[in-house]
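Asker: One-letter residues, chain by chain:
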Amino acid sequence: MTQNLSIQSITAHYGSTKVLEDLSLEIAEGELVSLLGASGCGKTTTLRLVAGFLEPTSGKIELGGKDLTRLPAHQRNIGLVFQNYALFPHLSVAENVGFGLKQRGVSGDVKAKRVGAMLERVGLGHLADRLPGALSGGQKQRVALARALVIEPPLLMFDEPLSNLDAKLRVDMRVEIRQLQRANGTTSVYVTHDQEEAFSISDRVAIMHAGRIMQLDTPEVLYQRPANAFVARFVGFENLIPMDVVARDGAKITAEMAGGARITLSLEQFGTIPDSFILACRADGLAVTDNASVEGIPTKLGLRTYLGRAYQYQCETAAGHLLANGPLTRPLDIGANAKLVPVPEQCTILAPEPVA
Amino acid sequence: MTSKIHPALIVFTVFVFIFLVGPLVIVIGSALSNTTYLTFPPQGLSLRWFENIFAISAFRRTIITSLQIAFISTFIALLIGIPAAYALNRYRIQLPGWLSTLFVLPVLVPELVLGFALLKNFAAEFSAPIFLSLIIGHTLLVLPYVVRVISASLASFDFSIEEAAISLGSPPLKTFFTILLPNVRSGVIAAFILCFITSINDVSISIFMTGPGISTLPIQILAHMEQFFDPTVASVSVLLMALTVGVMAIVERTLGLTFLAK
Numbered sequence: 001m002t003q004n005l006s007i008q009s010i011t012a013h014y015g016s017t018k019v020l021e022d023l024s025l026e027i028a029e030g031e032l033v034s035l036l037g038a039s040g041c042g043k044t045t046t047l048r049l050v051a052g053f054l055e056p057t058s059g060k061i062e063l064g065g066k067d068l069t070r071l072p073a074h075q076r077n078i079g080l081v082f083q084n085y086a087l088f089p090h091l092s093v094a095e096n097v098g099f100g101l102k103q104r105g106v107s108g109d110v111k112a113k114r115v116g117a118m119l120e121r122v123g124l125g126h127l128a129d130r131l132p133g134a135l136s137g138g139q140k141q142r143v144a145l146a147r148a149l150v151i152e153p154p155l156l157m158f159d160e161p162l163s164n165l166d167a168k169l170r171v172d173m174r175v176e177i178r179q180l181q182r183a184n185g186t187t188s189v190y191v192t193h194d195q196e197e198a199f200s201i202s203d204r205v206a207i208m209h210a211g212r213i214m215q216l217d218t219p220e221v222l223y224q225r226p227a228n229a230f231v232a233r234f235v236g237f238e239n240l241i242p243m244d245v246v247a248r249d250g251a252k253i254t255a256e257m258a259g260g261a262r263i264t265l266s267l268e269q270f271g272t273i274p275d276s277f278i279l280a281c282r283a284d285g286l287a288v289t290d291n292a293s294v295e296g297i298p299t300k301l302g303l304r305t306y307l308g309r310a311y312q313y314q315c316e317t318a319a320g321h322l323l324a325n326g327p328l329t330r331p332l333d334i335g336a337n338a339k340l341v342p343v344p345e346q347c348t349i350l351a352p353e354p355v356a
Numbered sequence: 001m002t003s004k005i006h007p008a009l010i011v012f013t014v015f016v017f018i019f020l021v022g023p024l025v026i027v028i029g030s031a032l033s034n035t036t037y038l039t040f041p042p043q044g045l046s047l048r049w050f051e052n053i054f055a056i057s058a059f060r061r062t063i064i065t066s067l068q069i070a071f072i073s074t075f076i077a078l079l080i081g082i083p084a085a086y087a088l089n090r091y092r093i094q095l096p097g098w099l100s101t102l103f104v105l106p107v108l109v110p111e112l113v114l115g116f117a118l119l120k121n122f123a124a125e126f127s128a129p130i131f132l133s134l135i136i137g138h139t140l141l142v143l144p145y146v147v148r149v150i151s152a153s154l155a156s157f158d159f160s161i162e163e164a165a166i167s168l169g170s171p172p173l174k175t176f177f178t179i180l181l182p183n184v185r186s187g188v189i190a191a192f193i194l195c196f197i198t199s200i201n202d203v204s205i206s207i208f209m210t211g212p213g214i215s216t217l218p219i220q221i222l223a224h225m226e227q228f229f230d231p232t233v234a235s236v237s238v239l240l241m242a243l244t245v246g247v248m249a250i251v252e253r254t255l256g257l258t259f260l261a262k
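Chains as they are written, first to last, in full-length UniProt numbering: chain A, 1 to 356; chain B, 1 to 262.
Hints are computed from structural coordinates only; laboratory data are not their basis. Computed from a prediction, not measured in an experiment: that's the story for all the values here. Careful, some of the hints might be misleading.
Straight-line Cα separation of at most 25 Å, SDA-like style, residue types lysine to any residue; simulated pairs [stated by the list, open to error]:
1) A/102 to B/159
2) B/174 to A/154
3) B/174 to A/55
4) A/113 to B/178
5) A/18 to B/159
6) A/102 to B/183
7) B/174 to A/321
8) A/18 to B/183
9) A/300 to A/273
When you get a sec, could you build the whole thing from the sequences and use the hints?
Answerer: Next comes the structure, spelled out in structure tokens:
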């Protein structure tokens, strides 16, 4: 039933504006992949192209090996869940859920049975006769989910399905969505701008920017080993320090940053290091110490904030503003001279950003 | 709990009601008068002026004509106006802004000018049949109302509802009838009522389009008044009101109910 989705070098325009550029994406059977990015990054466009509401300028979309690219939307057999639920206001909950079955010629007892069973699965059996206007946001989204699932589509797509719900419900619903998706094993595309949501429910996440996929990986890899500066900033790497290698010595290199501070990095830890690179880490990746004799980035400490597990310092350095954490056992004062020592396990090496 | 109402507000409200309801009361009163001239309050009660309407063949014919024209032109206007309003709203971003203004232009032009222009450049130019000219003139007159009213209904319609139906396997045209139309039902009813009333009461366009043999009721009322000053005019007016209200009631019932039964 479930099928793999293959998007092959799709380019799309709105009028003369290019919104997607040569985008390719392979989603395996039963996999849930999120498209994550700020508004205007092309994630919704991608979803609408697959749904058939937009046509690509070039490229190909295949579902289970079948070419969908020029197939009308109503023949694609894809389950869609919308941000604003998009329930039919004039039809009851049961009629909403049964709508897709009706289009497929399923009627009478068979239809009633399948609708009833699906409503039970989403816990709304008792509301079958209500009109959508009488439901809460969470209930509406459950009806929308049931409506998309009951046709047993080979592909499910979610367009920011939880952004109209309050925070608590959002967490509950995303667990519910993931459980239903897992149980059915339906291949799914999930569009969202919420990083936590994407990371928590996805097998893989595609981080998008300006019509391209910047990185497609498991949440773990994205979070710990972003592939480029954009993704690093996106997943919360506060410190991106451009550096140049000044000496290579077997398994070690010495690199210099703006202002002349030097650090030594082990190739064993980082693999190959290009002559010019960016050392990237979160605040956790820079340890603050007042031991002047260690090798590190000299700084004058700024504001100290308490995080519970550590103290965080705003640090002014010759290479710009950095964030670093220090131990709870040794709070340091504003204005103190200190050194920031990169913690290799928390750091990653990125290619320098192209000059814009 | 007492709510304070300013005495001036009461006086104001009473005056508004007098101005709204007063003329109707006077017209209905005069229609029932037993005199041979228009007068109010009625002197002696009689239905003879209602009988007189049907005794005059011109009234009989023009009532039929007016109803035909009102129904046909309203129907055509809905047929053109609903898809137009749909397209204007659905593709608002892609379409140029002046396009929606185009559909309200007939309202901006004085009706007399519109009527005269139609006469000179269409009816006279092509010696078009009178009935056809009337239909075209009235369709033009009421089309802006359809586009405006349906657009207002569609402004609050979430088009992802339509996409949801399509994604579930309903072809676009079928979706238009099963999903979109039921959700703008009240707009369609409102548009129908507005169009019907506008058409059946129209003088300024009809006066140019009518000709030998074919006339509309309001034009016939004018013609009759030029020669007679009897209460027939008042009774026709009452009849016109009753017709309008009757049609509205039927539309509200039938259109409302059929749409509800999907």
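Asker: Failing hints, ascending?
Answerer: Violated hints (numbers, rising): 7, 8, 9; every other hint is consistent with the structure.
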